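Enquirer: Here are the chains, one letter per residue:
Protein chains: 4
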Amino acid sequence: MDKGRLEAFSDGVIAIIITIMVLELKVPHGDSLELLKPLISVFISYLLSFIYIGIYWNNHHHMFQVVKSVNGAVLWANLHLLFWMSLVPFVTAWMGENNFTKWPTIFYGISLIMCGVAYRILVLSLIRHEGENSLLAEAVGNDFKGRISVVIYAIAIGLAWINPCISFVLYGAVACIWFIPDRRIEKKMIGDEHTT
Amino acid sequence: MDKGRLEAFSDGVIAIIITIMVLELKVPHGDSLELLKPLISVFISYLLSFIYIGIYWNNHHHMFQVVKSVNGAVLWANLHLLFWMSLVPFVTAWMGENNFTKWPTIFYGISLIMCGVAYRILVLSLIRHEGENSLLAEAVGNDFKGRISVVIYAIAIGLAWINPCISFVLYGAVACIWFIPDRRIEKKMIGDEHTT
Amino acid sequence: MDKGRLEAFSDGVIAIIITIMVLELKVPHGDSLELLKPLISVFISYLLSFIYIGIYWNNHHHMFQVVKSVNGAVLWANLHLLFWMSLVPFVTAWMGENNFTKWPTIFYGISLIMCGVAYRILVLSLIRHEGENSLLAEAVGNDFKGRISVVIYAIAIGLAWINPCISFVLYGAVACIWFIPDRRIEKKMIGDEHTT
Amino acid sequence: MDKGRLEAFSDGVIAIIITIMVLELKVPHGDSLELLKPLISVFISYLLSFIYIGIYWNNHHHMFQVVKSVNGAVLWANLHLLFWMSLVPFVTAWMGENNFTKWPTIFYGISLIMCGVAYRILVLSLIRHEGENSLLAEAVGNDFKGRISVVIYAIAIGLAWINPCISFVLYGAVACIWFIPDRRIEKKMIGDEHTT
Chain A
25 MDKGRLEAFS DGVIAIIITI MVLELKVPHG DSLELLKPLI SVFISYLLSF IYIGIYWNNH
85 HHMFQVVKSV NGAVLWANLH LLFWMSLVPF VTAWMGENNF TKWPTIFYGI SLIMCGVAYR
145 ILVLSLIRHE GENSLLAEAV GNDFKGRISV VIYAIAIGLA WINPCISFVL YGAVACIWFI
205 PDRRIEKKMI GDEHTT
Chain B
25 MDKGRLEAFS DGVIAIIITI MVLELKVPHG DSLELLKPLI SVFISYLLSF IYIGIYWNNH
85 HHMFQVVKSV NGAVLWANLH LLFWMSLVPF VTAWMGENNF TKWPTIFYGI SLIMCGVAYR
145 ILVLSLIRHE GENSLLAEAV GNDFKGRISV VIYAIAIGLA WINPCISFVL YGAVACIWFI
205 PDRRIEKKMI GDEHTT
Chain C
25 MDKGRLEAFS DGVIAIIITI MVLELKVPHG DSLELLKPLI SVFISYLLSF IYIGIYWNNH
85 HHMFQVVKSV NGAVLWANLH LLFWMSLVPF VTAWMGENNF TKWPTIFYGI SLIMCGVAYR
145 ILVLSLIRHE GENSLLAEAV GNDFKGRISV VIYAIAIGLA WINPCISFVL YGAVACIWFI
205 PDRRIEKKMI GDEHTT
Chain D
25 MDKGRLEAFS DGVIAIIITI MVLELKVPHG DSLELLKPLI SVFISYLLSF IYIGIYWNNH
85 HHMFQVVKSV NGAVLWANLH LLFWMSLVPF VTAWMGENNF TKWPTIFYGI SLIMCGVAYR
145 ILVLSLIRHE GENSLLAEAV GNDFKGRISV VIYAIAIGLA WINPCISFVL YGAVACIWFI
205 PDRRIEKKMI GDEHTT
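Residue numbers (the numbering used here), protein chains in the order written: chain A, 25 to 220; chain B, 25 to 220; chain C, 25 to 220; chain D, 25 to 220.
FYI, nobody ran anything at the bench for these hints, they're computed from the structure. Certain hints may be false.
A pair counts as met if it fits within one copy or between any two copies, since identical chains are not told apart.
To be verified - With a straight-line cut-off of 20 Å between C-alpha atoms, the simulated PhoX-like cross-links for lysine-lysine are:
| id | residue 1 | residue 2 |
| --- | --- | --- |
| 1 | K61 | K50 |
| 2 | K92 | K27 |
| 3 | K92 | K169 |
| 4 | K50 | K92 |
| 5 | K50 | K27 |
| 6 | K61 | K169 |
| 7 | K27 | K169 |
| 8 | K126 | K50 |
None of these values were measured; they are calculated from a predicted model.
Next comes chain A alone, as it looks inside the complex (with noise of 0.2 Å):
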């Protein structure tokens, strides 16, 4: 089965939830600085959302440059990732209207080790997929940075409970090891470069 609907589908949807964000900077009736400040934390609060939706746009994005088809359990591991990154908004627009206070932050780590969970499974149905000796086998190996993010976002939530902004500073930190997109599959491709 053909993969250009799929990304095309993904697209829309990570286009939408990465958009839609913005929608919870709610505009302030008055045009004084001061009506700006409430909205610093919903500012920051969105800014690592856009930057967790952009890593994983972009590792979606490198993973599927190798691979060549899908099936049926590809499509649902997908949509299954998609609803999780759909929540991403909710708990992000909670986080920053509550000043990083504990439940929201919970929640925020919560539904990121979903996403986590569920990126993994889509990787999973896909190396099931393509097999065990695949390009996209080789090229995710063991998958040390998705499962020690999970670990921190784990170790994070429990940490909510002392003080949600070292939470919240462990979850920014996590978005910097994603930060740069995912440099093995990029090697694993550069034999392939002409023919695609």
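With chain A held as given, fit chains B, C and D onto it using these hints.
Expert: Coordinates of chains B, C and D only, in the frame set by chain A:
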């Protein structure tokens, strides 16, 4: 006429439908855990609709893989399907916010029936265009799943007068029937795989 | 210049326009059937606009099938059309929420006229780019349907001072005229079908 | 790495940005003509931003026509541009709802500067990837229009302390400078036209 833009436009509309539903998960004003409680039924309602829209996208995707070209009638049959699908966010939010009471649950079922009927009309208009002996006509066959779904929706609507929860369970049951993408088309396509 | 991205961008904008209109169907706070009553006129208004946007997408789709390439003027003529189309959700909601009274119905008509004019400008800029003897110029011909539509819109706007319901019926009548996609282009293309 | 999905994703995000701005034209509760009056400045603000987003899309479209491939840095430079563009609906609504007073007009200018800077970073990251002797590097040249725009934005922001209307006129003037798509790239491409 080329099918590419019809697919792109449908992907766009379906991507928006599936994503704007999350906007109904209104961000609570406060950061306590209890404030999430009234959102649980909205969340469950969202989850079911996400799966339904996902099923339609999957089947749409599968079906158009074997379609060679489209005509004006197919364009309108497709827009007709998108119209009924565009009402799903409305009935989803209405049902979720009212904890699955009678009328919202009935209207949810009606919108599912209309989507099912519209999908059938799309299939028939495609078969008329492609020919009775086309790959599509063979692959779709007598469409047992489609028929039984509409029957179950109708029963669910009737039972909403007694207990809307039973209706909701039946809607979920139909989703399970459809969860697995249409193997018929996948099977028929195996022979064509390398040429596409 | 390649026409692919212009088509993709237009599809995206039109898909969003056609879908966000449904957000004006505000979910009622309560679960009784009577609460849907005030939504009936919003629904009818939405239905008409959905058909209109569908017609524009269909005709846009048909027209760009025979277009070979685009230039800067065409890009802007297309954005100009999208601008007026983007105002349709606003006038649709205003007309629907006020039960088809005078001013909303007049502004709905004005936005239809502007869309019609913008579409004509797009056609003319395409013909200037493609040449007077191009397939497109032949296929479009003297554009009788386009001219008569604008005349009917103008009459409908005038009649809104007497009875806005007549205006609404006329808007619906024009939609019926356009409902069938532009056969002229479809006919002209039959010869080219296998080469595309 | 293929540029196709970057273009598709950018088209999606830009299409959503340009369309959700219209949601700030809040439907008035009532049907009299006077109720539209407070919307005039929101409409003018929307019009200017529509033109700006249209300009960015046009230039993005033109630029990527001569781009052969992309890398990770380009993906992030592009997301960085989309981030600042995603804030345009917010500043547009804030400026429009407050009738072009000081602070909203200043923030509108700041968001335009950030978009301009982000676009320049995207251009530079593309040139670094494509090479100093690439078609793109030649076509872009010393980017006089880009530099002068940022200077005018800065002047406009400074003048907002005296009279924000002058600032708005200057923003409009820059839009006029950019209105015509980038001829440099179009000219450079003429030789390539038949091969694409």
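Enquirer: Now tell me, hint by hint, if it's right for this structure.
Expert: Hints, one by one, checked against the model:
1. For a Cα distance limit of 20 Å, the shortest separation of K61 from K50 inside one copy, 12 Å, qualifies, whereas the shortest one across copies, 22 Å, does not.
2. Taking CA atoms no more than 20 Å apart as the test, K92 paired with K27 passes in both settings, with 7 Å inside one copy and 17 Å between copies.
3. Taking the shortest alpha-carbon separations for K92 and K169, neither the intra-copy value of 24 Å nor the inter-copy value of 30 Å comes in at or below 20 Å.
4. Neither within a single protomer nor between protomers do K50 and K92 lie at most 20 Å apart by alpha-carbon distance, with minima of 43 Å and 40 Å respectively.
5. Taking the shortest alpha-carbon separations for K50 and K27, neither the intra-copy value of 38 Å nor the inter-copy value of 34 Å comes in at or below 20 Å.
6. For a Cα distance limit of 20 Å, the shortest separation of K61 from K169 qualifies neither inside one copy, at 36 Å, nor across copies, at 34 Å.
7. Taking the shortest alpha-carbon separations for K27 and K169, neither the intra-copy value of 25 Å nor the inter-copy value of 26 Å comes in at or below 20 Å.
8. Taking identical chains as interchangeable, the C-alpha atoms of K126 and K50 lie at most 20 Å apart only when they sit on different chains, with a minimum of 19 Å there against 23 Å within one chain.
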